[in-house]
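Assembly of the complex is requested from the two constituent chains, each provided in isolation within its own frame, with the hints serving as guidance.
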Amino acid sequence: DGGITQSPKYLFRKEGQNVTLSCEQNLNHDAMYWYRQDPGQGLRLIYYSQIVNDFQKGDIAEGYSVSREKKESFPLTVTSAQKNPTAFYLCASSPQSSVYEQYFGPGTRLTVT
Amino acid sequence: AQSVTQLGSHVSVSEGALVLLRCNYSSSVPPYLFWYVQYPNQGLQLLLKYTSAATLVKGINGFEAEFKKSETSFHLTKPSAHMSDAAEYFCAVGSNYQLIWGAGTKLIIKP
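If you read the protein sequences in the order shown, they are chains S and D. Every number in the working numbering is 1485 more than the matching position in the first sequence, counting from 1. Every number in the working numbering is 341 more than the matching position in the second sequence, counting from 1.
Derived from the structure by calculation, the hints contain no laboratory data. Just so we're clear, the structure is a prediction, and the values are computed from it rather than from any experiment. Hints are all accurate, no fakes.
What follows is a list of derived Cβ distance ranges for each label pair:
# : chain 1 : residue 1 : chain 2 : residue 2 : range
1 : D       : S411      : S       : A1566     : 43 to 53 angstroms
2 : D       : A427      : S       : P1591     : 14 to 24 angstroms
3 : D       : E356      : S       : D1539     : 46 to 56 angstroms
Glycine included, each C-beta is placed from N, C-alpha and C at the ideal position.
Bound conformation, chain D alone (with noise of 0.2 angstroms):
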């Protein structure tokens, strides 16, 4: 069965600083991933996803990602963290037609 392992169920950085939220994956076969990003008490909102035309992917507000087949990971990542970026962030996995969902990581941002 697939799944999506987030190291870290909080992240904490301060404003300005490199942002790494870390997903892997498990897969036997090309997988579909995704970063969604939830803030407090909302829904959630698609990050930026790999569909395998690229290894780095961009997504919206300065987040990027990595796919690495050889690790199966697909690490998050944003240069400078702002305080808007303070929110809840899932990793997934496109299989079968559902999305399987890491648990979640919590950013924190200090000012």
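The following block holds chain S by itself, in its conformation from the complex (with noise of 0.2 angstroms):
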């Protein structure tokens, strides 16, 4: 079955450590996305990427990192860097001819205390 995979569903940490959350997709999609969703305020972008090796930041960057190594793949890094992590992180992707048609993951939900 096609899809995006996110692991883990929860994830707890503690402040000033480093998380990695994973994001993979068989769609074959060149774009992929990374948002960040807290109750009441919809979802907010935080780095997209058209293609293998290129990025960019979103409307929430700060705090966060990205690779994109294979178009399969776009890991997202919470550094201790952002100051309120907690949050359900969710990732998609969409295939160039139809960027706005985004397929979603299940979504991580990160707990840091």
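Below is the structure:
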């Protein structure tokens, strides 16, 4: 089955630790995205990548980093510099022919204490 | 800058009643408009999209939306609500290769 996988579903970390969230897709999509979701705020774009080895900052990139070494993979690192990292993180992908039709993974809920 | 406004963070309807979720957008050019649905603790799924072919757009699960340029609106409707429609619904506008999202409306279905 084609789709997007995110792991783990739940992640717990202590404050001051970096943590990496995994996102893999087998849809052969060129574009991939990371969003942060907080209650009542909709989705906010952290980073996006339209092609391998290239990515751009979204609206809230501070405290986050990404890499895009393979078409299938777009991991997100939440660094200790992110002031309020506890949130639900969603990864998405889309074909270049219709970038707005995004396919989402099931999400990772990160809790930092 | 583009923006999307969804009126009502929560909407409650009885099972079998009409569902109406409101979305207004700001756009100076013909928009790409979308509705996505998110079931609890899951990712989002595309419900329907407007791409200028027709003003009334039909989506999955019996939902439809009407594009009204004069009102800059793209409201989502369903004639008869079902318990399985309980979810959060997001309106979005496509702009500069990104989606601009509304804050979401949580649909509550009363038995």
